[in-house]
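Novice: Okay, here's what each chain looks like letter by letter:
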Amino acid sequence: MIFGSGVLRSMLITLKNFFTSYFKGPEEGGIFTVEYPETRLPEKERFRNFPFLVYDRNPENLRCVACDICAKECPPKCIYIVREFDKEGRPLKRPAVFDIDFTVCMNCGICEEACPFDAIYMDHEFEIAGPERQSRLLYHKDDLLKSNEYFHKIRPTDATAIDQQRREAEEKKKAAAEAAAKAKQPD
Amino acid sequence: MTPEEIKNKIQTALPGTALKWVRDTLLIENPQDLPKVANFLKTSEEFRFDYLSSVTGADYLQYLEAVYHLYSMEKKTGPFVLRARVGRDQARIPSLVPLYRGAEYQEREAYDTYGIIFENHPDLRRIFMWEGFEGFPMRKDYVQEDSEILEASDIEWLEKHQVQVPEGMKKRAEELKKQGRRAVAERPGQPEPQ
Amino acid sequence: MDTRFPSEKAYPFDSESSVGMKTEKIFSMQTLDQIFIIAKKIILGVTGHFLPDWACLLTSILISISAIAVLGPFTMMYLTLLERKVIGRMQNRIGPNRVGKWGLLQPFADGIKMLTKEDIVPLEADKVIHFLAPLFIVMPALLVFAVIPFGRNMTAVDLNVGLLFFIAVSSTTTIAIFMASWSSRNKFSLLGGMRSAAQMISYEIPMVLSVVPVIMMAGSLSTNSIVEAQSRWHGLKWFVFTPWGFLGFIIFFLCAVAECNRSPFDLPEGESEIVAGFHTEYSGMKFALFYMAEFMNSFTLSGLAVTLFLGGWQGPFLPSWIWFFLKTYALIFVMIWFRGTLPRVRVDQLMGLAWKFLLPLTLANLLVTGFWYFTSRPVRIAGSMVLLALAFWILTKLNRDVVPEKRVYHFAE
Amino acid sequence: MEKIFSARDPSALNTETLEINFGPQHPSTHGVFRMNIVCDGETVVSLKPVMGYLHRNHEQIAENMSYAASMPYTDRLDYFNSMSNNFGYSLAVEKLANIEVPERAQYIRVIMAELTRLVNHVSVIGFLLNDLGAFFTPVLYAFREREKILDIFEEVSGARMMCNYFRFGGVKYEIQPHILQRIKEIVKKFPKFLEEFEALLSKNEILCMRCQNVGVLPKELAVSASITGPMLRASGVDYDIRKVDKYSIYGRFKFRIPLGEKGDVYDRYYVRILEMHESLKILDQALKDIPATGELVSKKMAPFLKSPRNFKPPVGEAYGRVEAPKGELGFYVVSDGTPQPWRYHVRAPSFINLTILEDMCLGHKIADVIVILGSVDIVLGEVDH
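The listed protein sequences derive, respectively, from chains E, C, Y and Z. In terms of the numbering used here, the first sequence is numbered consecutively and its last residue is 1250. In terms of the numbering used here, the second sequence is numbered consecutively and its last residue is 499. In terms of the numbering used here, the third sequence is numbered consecutively and its last residue is 393. In terms of the numbering used here, the fourth sequence is numbered consecutively and its last residue is 459.
Treat the hints with care, as some may be off.
Said to hold, decoys possible - Distance windows between CB atoms, simulated:
{"no.": "1", "chain 1": "Z", "residue 1": "LEU361", "chain 2": "E", "residue 2": "VAL1128", "range": "39 to 45 Å"}
{"no.": "2", "chain 1": "Y", "residue 1": "ILE302", "chain 2": "E", "residue 2": "GLY1088", "range": "34 to 40 Å"}
{"no.": "3", "chain 1": "Y", "residue 1": "VAL79", "chain 2": "Z", "residue 2": "PRO265", "range": "36 to 42 Å"}
{"no.": "4", "chain 1": "Z", "residue 1": "PRO265", "chain 2": "C", "residue 2": "LEU366", "range": "52 to 58 Å"}
{"no.": "5", "chain 1": "C", "residue 1": "TRP326", "chain 2": "Z", "residue 2": "PRO365", "range": "49 to 55 Å"}
{"no.": "6", "chain 1": "Z", "residue 1": "GLU369", "chain 2": "E", "residue 2": "LYS1235", "range": "20 to 26 Å"}
{"no.": "7", "chain 1": "Y", "residue 1": "ASN77", "chain 2": "Z", "residue 2": "ARG326", "range": "46 to 52 Å"}
{"no.": "8", "chain 1": "Y", "residue 1": "PHE351", "chain 2": "E", "residue 2": "GLY1088", "range": "34 to 40 Å"}
{"no.": "9", "chain 1": "Y", "residue 1": "VAL79", "chain 2": "C", "residue 2": "VAL468", "range": "36 to 42 Å"}
{"no.": "10", "chain 1": "Y", "residue 1": "PHE391", "chain 2": "Z", "residue 2": "THR89", "range": "45 to 51 Å"}
{"no.": "11", "chain 1": "Z", "residue 1": "THR89", "chain 2": "C", "residue 2": "TRP326", "range": "58 to 64 Å"}
{"no.": "12", "chain 1": "Z", "residue 1": "LYS374", "chain 2": "Y", "residue 2": "HIS390", "range": "38 to 44 Å"}
{"no.": "13", "chain 1": "Y", "residue 1": "VAL108", "chain 2": "E", "residue 2": "PRO1105", "range": "57 to 63 Å"}
Rather than coming from a laboratory, the hints here were simulated on the basis of the structure. These numbers come from a predicted model, not from an experiment. Heads up, the beta-carbon is just placed ideally off N, CA and C, and yes, glycines get one too.
All chains, please: the whole structure from these sequences, using the hints.
Specialist: Here it is, written out as structure tokens:
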């Protein structure tokens, strides 16, 4: 081995890459840069960024019942929920305040897992940068609300499966209620 | 070799050491015996526990504990766990650095977080916290300044930036301000010791 | 009074005034070859009508100076772009592509950014020297442009000791770098300065010695005469095609890379070790001046290597200045290629390479050149190749510590 | 003159040592890590590492929340290999609560852990070359390959780096056949890339000059200083937890453990390359044997996925360790029967591997310190946990 041959060989590798970068695609070892704003990587279905709240049909009809489980489970404690009360002071099954501090949230997806009402899911939206931290990244209830159709759009597989489950559960409930009603009627 | 046999072997080799069986691990009742036992385990041909995997402290309210996980790289056996208990006020355990170099930073970490003083350690300083930090953060009685309870100045700032602050928080902050206290975390009810 | 420079007197096509050249000749090869000279002469012809002779001479000098003053920074600006593009391609990236088409306006954007940045001077710094160092480093880099023959008759000043001038002036860079490092009051800067002093002084010696064979064969220190000496075979009888020339070229080029602090010898600024070396404490335009000096140095040193070993502006078919720039940019490409590939050497290995390897090799090369000079063709080619191979082999055997060890790796089941 | 030379003994040159603070803001300390270096000229006389700039008391955070909720926090320990960290933590808790992991989940775990090892080793070599002064070329070649694997992670777990994919008793998501197919393709193409990578680096004289016989770590010191991972094996000690403990299903695969000769930087570099080849072997076998269907989480743990607070392991303690790419990653968990661990301790490999940094660096040049630190392979998220 001549002294210096190793250096020459490694220089050949870079030269080869210099030329292949003009001809080959990213799969064969060409340029793998994605020129971001113009071209984007395909969105992965399971990609999770920040959470959002799902509603059915209209925003009044949101699934969240303000049970506070996600707020308790959230590892960095970024969710803050206040339950809504009606005029007589009875608690309603919906949140009055639902804030998520996106500066604290770490996109772990525990809230999604823990939610027993399928109300909170992880969003694909990631371009949320803004000029001001506190006002821009503290998301309130209105900012978080998104329709079930949107959920279907970003995560079709999960959404259909969950819809199926919900429908089944509802039918079961209805059947149980009917059965209960039937059981009540005879007397 | 079962742990029970190892215990018997140690007791025959080193008479006078008080050993006790706690949760499948060997408690050395007098912490001063620790280097003796470790040295025996490391050098004896039978065991050859030459690799100290982990050193850590633990706080059990009445006492502090140092836990040592020993393995043998030569014989590929282990783990064999040693533990030593010391009182909260005179937490002094002889250092294992002369035997296992790998204990150096781990003992410093245990000192930093639990305040266990390792005697004869070559360089026992805080490792993660800064010099002059008071208290030992991993002890169960350590009270941390709480960032979740807002102080009056925080609320002022938040409201200036159009953030809704719930009434309860405001009330609490005012109370704190009246008492001239800072916000400290409330600890949950203390669980029962082992 | 004759306002022409001595070099221009030797111009073979000068019998007729180029200003009054016939139209059919204007687009010939020779015109293209001499286009810059003709342009200069037109300006001088116009100004000559209403200016006294001394002013004409001054104008002539000023034209050359302003040409260099434009060329230097312009080269530097586009070298940065070239470097970023080429290295980007080597790393399978695109490189700058946002400012202008293919990023062609990137250098201007960078320049504007540099100019608008805050100029920070450390509190404890020696302010005068800290201010002077960037100037002192750019000056020699610009000065040496004077003796580079960019094309036929295109040498700003044809000194008869041009080569000596080049080497003497370019070595003053060390002082500027040391000024920068010492005045910053920063330990990283100081280390960078120390490294730089050691490195520059050590590499100067093999560099000068590798040039000596060329001087021996060309019999002159003037850069123009050296180029003329390589003019046979239709301008292809370059010195690099001889054994001693080849070795001299390699050594000269390696030393040139070390002289202008470029990878793999970029220890004075080695960013992974000493942050940014001697220019750690510089910001804004002062920092840009250091970069400018580095890139201009790499341009002039490549130009000198071309002049000495690659036949300068000699070459068939194309105009002379195109040949010069082609060759120079080819060498700069190699420098960039080095930077894209190689890791940095350590300071002791760097010194070892200079003193224990390159210096003896240049001395052997000197001997071989003498042998070549006094023997006839079949003997001299074979003989000098054998001698050089022998020298190389002995030196690699003597420098065992740098030769890679063979390692055997075992596997445990 | 007298001050500089003492007249009697010309060798007794009066020199002063120079004290340099490397970091916390330094381009190649791999994060916010500081070294107080005293050097004589450029030779290191003493070196004291200072850490804790990224300290967040990970252990206390974990002690104040449910077992499952600290899983995403383990991602942040060694943010290059979140899958291995998940693996270690779930192993410890599974030992504590005596949970069986279903077959298919075991295979998925092994596949993910080995892909992580590829990601880590390939980028560590790239960073090492950056520390050596190469201008990002090896790093970017490494990242070209890493990108493909991270895409897989994203598709499987939903995140590229902070995967949070493992659950006690299994894994979180199903892995579809087309993803397995893509992993197979990556595994098939990877040796070609490694070949190119080696041609670029292994025989390069400058790399050999810089790495060979630098930062030598003798066998005895390595064992006594609890060094683990590729660094230990580069010193020639045959100890790989995948072989010793045979945790998960590693006992089923055929692979070898590469051992270094001298324990210098070059050996550490080359052992990593060889380990990647072995990882590819494991991946090959795992991808062939993985059952097509099967449950992902054991039946015992399935109800706790929705309600992590109800998961209360029995009173006891467990020490789970895995062979993470950086070394032995151990989790020591003590349960008191409540939903929160009473004691949670991380044995961070890159933290303990730093113990002998000074011993390796003494007598070398400043430039070597950076290279040796690079070859130790630290991630400050783990060092400062």
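Novice: Hint by hint, say whether it matches the structure.
Specialist: Results for each hint:
1. LEU361(Z) - VAL1128(E): 39 to 45 Å: Roughly 44 Å apart at Cβ, these two residues keep to the hinted range, so it holds.
2. ILE302(Y) - GLY1088(E): 34 to 40 Å: holds (35 Å)
3. VAL79(Y) - PRO265(Z): 36 to 42 Å: holds (40 Å)
4. PRO265(Z) - LEU366(C): 52 to 58 Å: holds (56 Å)
5. TRP326(C) - PRO365(Z): 49 to 55 Å: violated (41 Å)
6. GLU369(Z) - LYS1235(E): 20 to 26 Å: With a Cβ separation near 23 Å, GLU369(Z) and LYS1235(E) satisfy 20 to 26 Å, so the hint holds.
7. ASN77(Y) - ARG326(Z): 46 to 52 Å: With a Cβ separation near 49 Å, ASN77(Y) and ARG326(Z) satisfy 46 to 52 Å, so the hint holds.
8. PHE351(Y) - GLY1088(E): 34 to 40 Å: violated (54 Å)
9. VAL79(Y) - VAL468(C): 36 to 42 Å: Roughly 40 Å apart at Cβ, these two residues keep to the hinted range, so it holds.
10. PHE391(Y) - THR89(Z): 45 to 51 Å: holds (47 Å)
11. THR89(Z) - TRP326(C): 58 to 64 Å: The hinted range 58 to 64 Å holds for THR89(Z) and TRP326(C), with Cβ atoms some 60 Å apart.
12. LYS374(Z) - HIS390(Y): 38 to 44 Å: holds (43 Å)
13. VAL108(Y) - PRO1105(E): 57 to 63 Å: Because 59 Å falls inside the window, the suggested range holds.
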